[in-house]
Every structure is written in C-alpha cells, then in structure tokens.
Amino acid sequence: MGHGHHIEIKQETFSMPAKAKNLTLIVMVIGLVLSGIGIATIDHNTNGFVAVSGHHDAHATAEKHEGDHAAEPAKHEAHEGHEAAATETAHEEHGNVETEDFGPRVTYTSQDKPWATRIWANLLVAGYFFTMVSLCGLFWYAIQYAANAGWSSSLKRVPEAIFTFIPVPFVVLLIAAAMGKNDLYHWAHYEHLHLGPNDAGYDRILAGKAGFLNTGMLFILPTILVAIWVFLGSRLRALSIAEDSAPKGDTTNFRKSIRLSATFLVIFGFTISIVAWLFIMSVDAHWYSTIFGIYNFATSWVSAISVIAVTVLYLKSQGYLGLVNKEHQHDLGKFMFAFTVFWAYIWLFQYLLIWYAHIPEEMMYYQPRFENHKVMFLGNFFINFALPFLFLLMRSAKRNSNILAVIGVMLVIGHYFDVWFMVFPGVFGDGITIGFLEVGMFLTFAGLFAFWILNNLQKRGLVAINHPYLEESVYHDTGV
Amino acid sequence: MAILDKNLSLRNRNKILVGVWEDEDALVDAAHALVDKGIHIHDIYTPYPVHGLDRIIGVKRSKLARVAFLCGLTGLILMVTMIWYMYVIDWPINIGNKPVRFTPSWIPVMFEGTVLCTAYGMGFFFFWRNRMLFAVKNDLLDDRQTDDRLVVAIETVEGMNEAEVVELMKSKGAVETKEFQAVCK
Numbered sequence: 004m005g006h007g008h009h010i011e012i013k014q015e016t017f018s019m020p021a022k023a024k025n026l027t028l029i030v031m032v033i034g035l036v037l038s039g040i041g042i043a044t045i046d047h048n049t050n051g052f053v054a055v056s057g058h059h060d061a062h063a064t065a066e067k068h069e070g071d072h073a074a075e076p077a078k079h080e081a082h083e084g085h086e087a088a089a090t091e092t093a094h095e096e097h098g099n100v101e102t103e104d105f106g107p108r109v110t111y112t113s114q115d116k117p118w119a120t121r122i123w124a125n126l127l128v129a130g131y132f133f134t135m136v137s138l139c140g141l142f143w144y145a146i147q148y149a150a151n152a153g154w155s156s157s158l159k160r161v162p163e164a165i166f167t168f169i170p171v172p173f174v175v176l177l178i179a180a181a182m183g184k185n186d187l188y189h190w191a192h193y194e195h196l197h198l199g200p201n202d203a204g205y206d207r208i209l210a211g212k213a214g215f216l217n218t219g220m221l222f223i224l225p226t227i228l229v230a231i232w233v234f235l236g237s238r239l240r241a242l243s244i245a246e247d248s249a250p251k252g253d254t255t256n257f258r259k260s261i262r263l264s265a266t267f268l269v270i271f272g273f274t275i276s277i278v279a280w281l282f283i284m285s286v287d288a289h290w291y292s293t294i295f296g297i298y299n300f301a302t303s304w305v306s307a308i309s310v311i312a313v314t315v316l317y318l319k320s321q322g323y324l325g326l327v328n329k330e331h332q333h334d335l336g337k338f339m340f341a342f343t344v345f346w347a348y349i350w351l352f353q354y355l356l357i358w359y360a361h362i363p364e365e366m367m368y369y370q371p372r373f374e375n376h377k378v379m380f381l382g383n384f385f386i387n388f389a390l391p392f393l394f395l396l397m398r399s400a401k402r403n404s405n406i407l408a409v410i411g412v413m414l415v416i417g418h419y420f421d422v423w424f425m426v427f428p429g430v431f432g433d434g435i436t437i438g439f440l441e442v443g444m445f446l447t448f449a450g451l452f453a454f455w456i457l458n459n460l461q462k463r464g465l466v467a468i469n470h471p472y473l474e475e476s477v478y479h480d481t482g483v
Numbered sequence: 021m022a023i024l025d026k027n028l029s030l031r032n033r034n035k036i037l038v039g040v041w042e043d044e045d046a047l048v049d050a051a052h053a054l055v056d057k058g059i060h061i062h063d064i065y066t067p068y069p070v071h072g073l074d075r076i077i078g079v080k081r082s083k084l085a086r087v088a089f090l091c092g093l094t095g096l097i098l099m100v101t102m103i104w105y106m107y108v109i110d111w112p113i114n115i116g117n118k119p120v121r122f123t124p125s126w127i128p129v130m131f132e133g134t135v136l137c138t139a140y141g142m143g144f145f146f147f148w149r150n151r152m153l154f155a156v157k158n159d160l161l162d163d164r165q166t167d168d169r170l171v172v173a174i175e176t177v178e179g180m181n182e183a184e185v186v187e188l189m190k191s192k193g194a195v196e197t198k199e200f201q202a203v204c205k
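Quick note, the sequences are listed as chains L and W, same order. Quick note on my numbering: the first sequence kicks off at 4 and runs consecutively. Quick note on my numbering: the second sequence kicks off at 21 and runs consecutively.
These are calculated hints, taken from the structure and not from any lab test. The reader is advised that the hints may include incorrect statements.
So the derived label-pair ranges between C-beta atoms look like this [unchecked claim]:
#, chain 1, residue 1, chain 2, residue 2, range
1, W, R151, L, M19, 51 to 59 angstroms
2, W, V79, L, F385, 23 to 31 angstroms
3, W, F122, L, A241, 50 to 58 angstroms
For glycine and all other residues, C-beta sits at the position ideal for the given N, C-alpha and C.
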C-alpha cells in the first residue's frame, strides 16, 4: 500500500486444501441427494408442479406427441394422425379468440406436459447460467486488456480459471434443450404441427418467427458461437502461457492479447444476445424484448464479478495472492456495486418499455410473473439490488472481506434465481415453487464450479509474473 | 470572497513555508521525513496525482460522498414534487387509461433528476471546496504548481524552528524554498 516499502514480486503455487476439496465435494453430493429427492417426489400426474388440467384427450395427445417425436425419422402416417388430434386440441384451447388481426390469444403455459419437464427446465437454467458466468470470466480479462487496465493483473488467473468451465455447463444446456425441447418451448411443439395459413390453430406470430426459432437453429447456432468464444479464449490462454515463459520485458504476447481481446469483445457484444434469445427468451415465444440480451448479460456479468471476488477473497484467506490487497478488494466491490445498479436499471427498463408501449402481447411475460408470484418477483429485485446496493454503498463494507464475500455469494444465488424466474413461469405458468430439485441442482453445479475453478488454479502459477502491468497492480491505490 | 469558508483560504493563515520539488519520488521521501519529524504538512499541491501522498500527510477522507448523497436526495425530492404537481394536481391527462398517481413512468424522471443534481452538486461543491469557483481568487503558492512543480505548504506555528524545517526540505531535494505571508494577516 503506497510508497515507502518495497513489495517483493514472487511466484506462488496454489494447492487446493483438503478442506476445500471435501467441502466442494460435500456440496455436490448434497446437491445430488436433494435433486434425487426432488425427482423422486415429483407427482407423475403433474407437469412437475401443477396437476394436469383435466381433459384426458389433451394429455394423451401430448404424451403421444412426445413418443412420436422420440421416434421421429419417417413416421408419416403416425404423424398425420397425431397432427389431426393436435389440431383439434389446439382448436379447443383457442376458445378465447379475441381479434383476427393479432391472431388467437392462447395461454401457452399449457399444463399438458410430462412430469420430467421440471428436470429439463432446471438443467436448462443451471446449464445456461453457468455457461454465461464462465463466458463472463473471459469477458473480464478481455476488457482488462482492451482498456489497458493494470490494477487487475495480480488477480488475472482467477477469471482465466473461471472461463475454462464453459464446456461443462454448455453440454448440460444442450442436453436439457434436446431432452425437453417440445415441453420447454411451445414454438418447438408448434413446429411439429406443420400448420398452413388456412389451418385451424395457425399462429401468425410463431410462423413469422419460424425462420429463426427452429430446432436446427436452437442447437447449431449456439454451438458455433460457443466454439468461436472458446477458440478466442484458448488463443488468449495460449498467449498468457507463452507470456509466463517469455523473457522479462517482452510485451509481444501482451500486445497480441490486446488485439485478440478487442476482437472478442466485438463478437461477444453481438453474439451473447443470440444465445439468450434462443435458450431463454424463446420460452415465451410470442413475446419479445429488445433489451433481453443485455438483461441477461447484466445478470451473468454481476454473477461473474461476484464469483471472481469470492474466489479472490478465499485465496487471500488461505494465504495466497500476496500481491492483492484491500485496494483490489475495494475495486472488486466497486465493480459489484456498479453492475448491481446496472442490472437493476435494465431489470426496470425492460418492464418500463413494455409498460409504456401498452401492447397487450408484450404483457404475457409480466402478467404470470407479477400477478401470480408477487413475492418472487419483488424478492428478485430485493436480493439482487436493494440489499446489495445499500451494503455496497458503504466503503467499509467493500473493504470488509466477510461482508463482501457474503454479498458475493448472495448475488450469485440471486442471479441464478433471476434466470430461474425467467424460465419457470413461462414453462409452467402458475403454481411454481422452489423445491428440493431447484436447490439441489444449484448446489450440484455450484459445488462443481467451485471445484473446477480451484482445481484449475493449481495448474499454473497464481501470479501472472511477466504481465507488463503487474507492478502497477502491486502499487495500486484507490486513495483515502 | 467572504462567503467561502475562511479557513480554506491560505490568506487567513499564519506564515507558510513553501518548498518546491521537481521529482515526485524525492517529494514522497521528503514528506515521510517531514512527518517523521512531527511537522504538520498543511497541504501538497501537485499538477498530477502522486499515489500514497494523501496517506503520508494524513489527509482526511473527503466528505464529497456525503455531499453527493444530500444533493441526490434533494434532486429526488425536487423531481417527485415537480411531477406530482404537474401530473396529479395541475393537469391530469388520461394517457392510455394509465392511472393518475404514482406510476412507473415517474421513475425515469426521478432517476434523471437525482443524477443531475448529484453531478452538478458534486461539481459545484468540489470546486467551492478547492477554491476553484469562478471569481474566487485562488492562492497559488507558486505558478508552476499547475504545470510541472510539486509544492509543499507548511504552516508555521508557535515555537516552530523554521530554519530547521527549511534546511530539512532542502536536504530532501527541494529545488527551491520560500515563504508565503498572507497580506491581510
């Protein structure tokens, strides 16, 4: 801190304490056990939450459809038969046709879904959330490079470790989407009906979006995008590894990293929304929000900053990261504070734009969420904004390791809930609760994530010893 | 200007010993040495930030954050009052059947008003406190302190060995030392 005494820069090697290994493992096991209890206790006559609505025809159709889809290749007669039945169901549902212009208004949170939908929906949330958080680890050090920031170079290994997790949740995400596609996304269900403009139950909005919202797009586009991110991320990692063994004062790798980071940031800005649209926004396929991509970015970015802060605080508490001091912690706290406000801003303005515009179709996102789940809706705002805002406003809270760590963990949980709340009312409608399965799924992935980060940190020296700005980071000072 | 806090002006202070430095590393060492001798440094004027100096000479934490909070609160109250008067009392308008009372459309106005008052308030009070407001005569101990010199101000107190202080400053790399005597004192 400040001048006067010289700080010696030396390499550190992290080895994961047995306690951390056991703890992450225990969290994972508890998570799996809770998930198991959750799955075992789902009533098989429900869609996962609510009792299936009654008329058996519809239920049978849905199940038939499910079976139908599993054995998809060339089942023409079966498909035709099913199509007729489904059209009938759709027709039934369309009792409340309001205007010709906007097409029929249907409650798409149909309850005629198999009970396993709840499992796939939970996996979708977990996979999506941790994919985005891992991606934001890469975003972190890309902006540090692009902004020529020096202060964060002493904790650079932490976001690097976070990004390496991305393949795991992404595979989970793809599996969840593949297994539960027809029940999670009503556009996917509709896609299989193959309705023409003159058929009953034809949906102009879904038909109009079919060029983008279709099965091929859902799986291929995100895979390509994640592949691009991983490619750029591993190039940056290669440069970072090359830097470690390069002679002192060689800035070639650093300069290349800046260019690569800038490239990544441009691609990231345009592509993160696409993944959010395809996996999450399309749960309410009739609805759209132009701010949705940045809303999802805000959620995952705050979580990523919180994960970085908590990991740094943990490493500090174990006696590692000697070069990181209260000044860096203070700046991490400021980052959390700033993007907590940013998230709240986007959270409110997504609603405000819709409220202003006064288009009934756009209310279908907020209607089931606010009217039926007021406590969850406002609790989301409270845990992700009001509470952390009031704490992080204080300088002393940002410089207190315990308070900052608690807020960091709370923000990660809060934003996981935020993503959960984007998906569940859209899939299940009224009657959703947070049960063993939801808690268990979060704990499983959180434990795995923590284990992965700490395990990855062991593989390289904890200090980016040849980073040209390391010394600047060492003497970083936020002032009195 | 009399409306400003008199203690902030160097004109209302005792004789001031001034030391001029060229190099910030030498300055930091000198500040350490002076503080170690128990000499209270009134302030150090630098054209660019020198990290760590504030801690060495014991600058107190700025109250600007609290001022900002109060300015923000003022802005918030101002805007709520304004829009409540306009929209509810004076001229209620039916816009798409939205209720004539507090609605989400007030929030942007409240937000922007808070931000506006905070930003301008902070700017105003910052310049006021630093005696940089328009028409405030500022006390430059040395014209070059806004350019490339680092200037230390030590206020003389009863029983201070002035010669010793000046000698210490010179030995610690001061390129120039002088005295500043307020005209009105």
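Okay, the hints, checked on the actual structure:
1. W:R151 - L:M19: 51 to 59 angstroms: 56 angstroms, holds
2. W:V79 - L:F385: 23 to 31 angstroms: 38 angstroms, violated
3. W:F122 - L:A241: 50 to 58 angstroms: 55 angstroms, holds
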